[in-house]
Structure formats: structure tokens, C-alpha cells
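Enquirer: What follows is the residue order along each chain.
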Amino acid sequence: MEKVLNRFKNVRFDAPRRQRWLVTSRNVLLGKEADKGLIFRLFMYLILIDTAFIYVKPILYMLTTMVKDAANLLDPAVIWVPRSLFFGHLEDALRLLQYGQAFTISMTVSLSVAVLQVISCAIAGYAFARLDFPLKKFWFICLIFTFIMPPQATILPMIIMFKEFGWINTYWPLIIPAIFGHGLKGALFVIIFRQFFSTLPKELEEAAKIDGASVFRVFFRVMLPISSSAIIVVFLFSFVWNWNDFYYPSMFMFGTKEVPLSISLSRLAASLAAEAEQAGPSIFAEPIKMAASFLIILPPLIVYAFTQRWFVEGVERTGLVE
Amino acid sequence: MIKGRFRLNAVTQRKLEGSLFIAPWIFGFIAFIAFPLAYSLYMSFQRVKITASGIEYTPVGFQYYREILLADGGLLYNDLIPFLRQAVIMIPVIVVFSLLIAILLNQKFWGRGWFRAIFFLPVIFSTGQIIQEFITQGEGTLSFVEQFAIAEYAREYLPDSWATPVINVINSFVLVLWYSGVQILIFLAGRQTIPLSVYEAARIDGADPWETFWKITLPGLTPFILLNLIYTVVDLFTFPSNPIIAKVNTQNYGLSSALAWIYLMIVLLFLGIIFYFFARVNRASHQR
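Each protein sequence line maps, in turn, to chains A and B. In terms of the working numbering, the first sequence opens at residue 7 and continues consecutively. In terms of the working numbering, the second sequence opens at residue 18 and continues consecutively.
Hints in this document: simulated from the structure, not taken from any laboratory. C-beta atoms are modelled at their ideal positions from N, C-alpha and C, and glycine is treated no differently. Be aware that a few hints might be false.
Partial list, derived from the structure: chain B residues whose beta carbon lies under 7 Å from chain A [stated by the list, open to error]:
1. Gly35
2. Phe44
3. Pro53
When you get a sec, could you build the whole thing from the sequences and use the hints?
Expert: As C-alpha cells, this is what we get:
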């Protein structure tokens, strides 16, 4: 007994061993470098999971609310997981949004604007990054100004202008500016392309030029094919932002029945609110709105799910900025 | 002689090619930015009447500006001042938060791809109607804020004019997070511009991560902080749900144009202040 205790004491007060033990445990907990330790890792995951939850929660809420039927909605025990699935709200939302028509419009507008903006902003960005033209500095300041200017400063004259052209209540006011590298956040896309092209090595173009290629050939055959990462970033931004945009369509297409989904949603919300005012609040308003929201974000979500990998890589490689 | 002319030709040719490339953009700029802007400046001094036969203008001078700036506070100040206060608080919160998240996301850890995919979600949804739905749905608040009665503390210790915006920001903290999508992206992209070798050198010299952050990462990211400040300001000030922006409508072209111009000046002034401070801070840190 005595012996055992003694040995135990020896072990405990065996200084080098204790030190070793301390060092290993410290290395495990704090890490050899502070960003490798267990505590730091736990802390990091804590923050990330918390924030990720904040981002995901509204989407989860949307998904669970829209499949609740009357019984589930009224049952106080049901918060997240409904007892049964009910797709009636989705059907209602499909009908109320005039989904088929609005979807086609939204898709046509966003896709064509995204494609046009990718091309036109790439051309303008390339000119700003690599080519020489008169008053380049001045035009660059104009570009920055376009970026920081609130669209409201030009919206009224544009309405008048497009009215003169007879474009009001058509898609042209949304699409035509995109041909020229403008439109929704066009300046930002030009800046992204400019930054991207100025990070590419100059040797590429020089080699092509020595081989006798014209500037157009250099751009379309050499520069564009290697800028897929910038193209994906701009395309996704442009598509999604145009898809979600409410402001421009509400200004240019206020008087038509054929509206994109974003307007359709706000009309739906307005009519539900009006109904609530007349007949008192309905428990079905919320799930229908959620179902409508879900139907609207579904297409960009699918696009994002497919392009997500290239997008994340692209962002890192584009060097969005200097 | 021949050589000189050839060179001149090459330069002109280069300029010509460049002009061809930029021509569509410049045309667009004139048609969709410069001309409407000038037109709206013109309209802001006119009473505009839309009739069946055309548009009638009656010059009114500075009447609308006087009305907005001096006479009727309801048009500008009632919305602008709370909004500006809130923006002043929100902007640094957004930038600091996105910096933190970007640095965390830049670490190598298990599940990084998933987290990145989730953190880019705001880039997709933070525009448009959906976010509006989230606001009305009450997803903007955090439960711990209510539990710890943070609002009460703020009300107690801050002057009243500042307590309200602080409470607003805290209450809509989730929205602040939702606004930070692009900013996280910019910081992530910016972080890639700092070469790895610098970090290795620092590690060999025995710098701990804390020092590395302050001495390498943060200085390396300063241009991106400026960029993010600008982006955040632009984003906040041009958000369609912004109270002043909603007032620019087709009911009174002249008055709305004047309002839009005043607002544009405010945005430029705000950005000017940021540039000024940033330049000063930058200079100070370089001298140190």
C-alpha cells in the first residue's frame, strides 16, 4: 500500500513528465499555433454554426410553414415540424402568382439581361483594363460615378424617355440598357471585369498580337475563354439580382398584367393584406406568402446549387478587386 | 521619318481599337446616365405637368429645393436623420462582421465548403422582395436580445436620439447579417491577394496568430475595407426599401427630381467623408 502510494506520488511529482503532459494537453487544447487548437476550433465552429443557422432559419421557416394545413397551423405544439404535409398552399400560391406566366417573364428578362451584361460588361471592362482610348481617366470616373449613383436620380427622366419610345409596360427598359453595359448594377460588373482582366498576364495578348491577331480576335479567342471564373461570378450576380429586382420593374411595368415574379409577389402580398383588412386576419395568409416566396427563390436556388462550386472558386480567382 | 509616322499610326490605331471597344458603354452612359441626370436636374427647377399632348414645363427656380430643405421637414429630414444615424452604426457593424466571417471561412477546416455555400446565400436573397418578406415575418430579431433586455440597457445609458437607432440595429441584427453577403465575398477574395509566403515568414519568426492578424492580415486588407465601406454605403443608400427613395415617385416630377438630387448630393457627401477619414487613418498608420 505504502509502496503504491509512494509510486503514485513519484509519478505526480515527476517534473519532466508532468511538463510533458502539460505541453501535450496544451497543444491539444490551444494548439501549437493558436489557430490549430481544440478551443479555437470549437469557438470557430460555434460562431460559424450560429451564423449559418441565422441564414438558414428563414428558409427553414418558409419551408415548414408552407406545408402546414389548418390543424397544424393552429396547434401550438407544432412549431417547426408539421405533423402532416399539405400542399394546398403551394397550389394556391401557384395560382395567385400566375406562376407559369410570371416565371416565363422573369426567366426571359433575367436570362437575357445576364447574358447581355456578361458580354457588354466584359467588353467595357477589357477596354478599361487593357486598351487605350481618349479621355480614359474621365470615363473611368464616370464609371465609378455610375456605380455610386442611386438609381433614383435618373429614374424619372428614364420613365419619360421610355414612354416616348413606347417601351413602358414592356421588357425593353430592362433589357436595352444591358446591351450597353448598364442596367441593374452594370457598373459593378464592368468594375469586376476590369479588375479581372488587369490581373491576367500581358504576355498572353502580346503573343497573340505578334501572331497577327486583331484586337477583336485577341479578346474573343484568347481573353474571353480564360475568364470563365469572372463570367460565372458576373452571370450569377446578374441573373439573381435581376430575378429578385423589384424596383425597376415596378417603375417601368406598373400598368401591365404580364409582370415578373417579384412584382407578382408584392401584388399578392398587397391583395392578402387588403383581404385581411376586410375580413380580418387569416391564418392562411402567412403560409401562402411563404409558399409564394419559396416558388420565387427556387429557381435561383437551383442555379446557385449548380454553379456554387465554380462561383466560390471564381470569387477567389477573380480577385474581384485589386 | 517613316518610323515616326508608323509609330503615330500604331498609337492612333490602338486608340481607335480602344474607342471601338468602349463606344457601346459610353453610348449607354450618355443615354442612360448622363442625359437622364441632366434632365432630372432640369426638371427639379420646373413644375412638370404631364398632359395628353405632351409635357408642360413651368420654371419655378429653387422653389422645390427650398420646400424640401427649409419648409417641409416631412419630405426629407424626418426620414433622413434616423436613417443616417442607423447607417452610421450599421456600416461598421457590417464591415467588422464580414471581416470576421471571411477570416474564419478562410481557415482550413472540415465542412468549409458547406459553410461557404451557406454564407453566400445572402448574396442571392438579400435583394428584392424576399428580404422584405423576412422583415415582416419578424425573422429580423434575435431571441437573446430580448432575453437579456439589451434594449433596456441601451435606453438607459445612451442619449435618446442615439438609443433608438442602436436598438433598431440590434433588433434587426439578422438583417445586418443578411446585408453582409457581398462584403464577405470581397474580403474572401481580398484575403487571397496576400501571399502565403508572408504568413510562413511570420510564423518562422515566431509571430503568433494575434500578431499576424494585426500586422499582416489587417494592413493587407485595408484597400478592401475601403472598398467594402463604399459598397456598404452604396448598397444601404440605394436599397429600394430606403424611406427617402420610396418618396421619389411619378406623382410630382419636379419635386421628386429635386429630392433625388439632394439625396444624390448626400450620398456623395457621405462617401466623401469616408474617403477623407480613410485617407487620414491610412496616412497615420503609415507614419507609425
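Enquirer: Would you mind marking each hint as holding or not holding in the structure?
Expert: Hint-by-hint comparison with the structure:
1. The beta carbon of Gly35(B) is positioned within 7 Å of a beta carbon in chain A (closest approach about 3 Å), and the interface hint is therefore held.
2. Because the smallest distance between the Cβ of Phe44(B) and any Cβ of chain A comes to about 6 Å, under 7 Å, the interface hint for this residue holds.
3. This hint holds: Pro53(B) has a C-beta 4 Å from the nearest C-beta of chain A, less than the 7 Å allowed.
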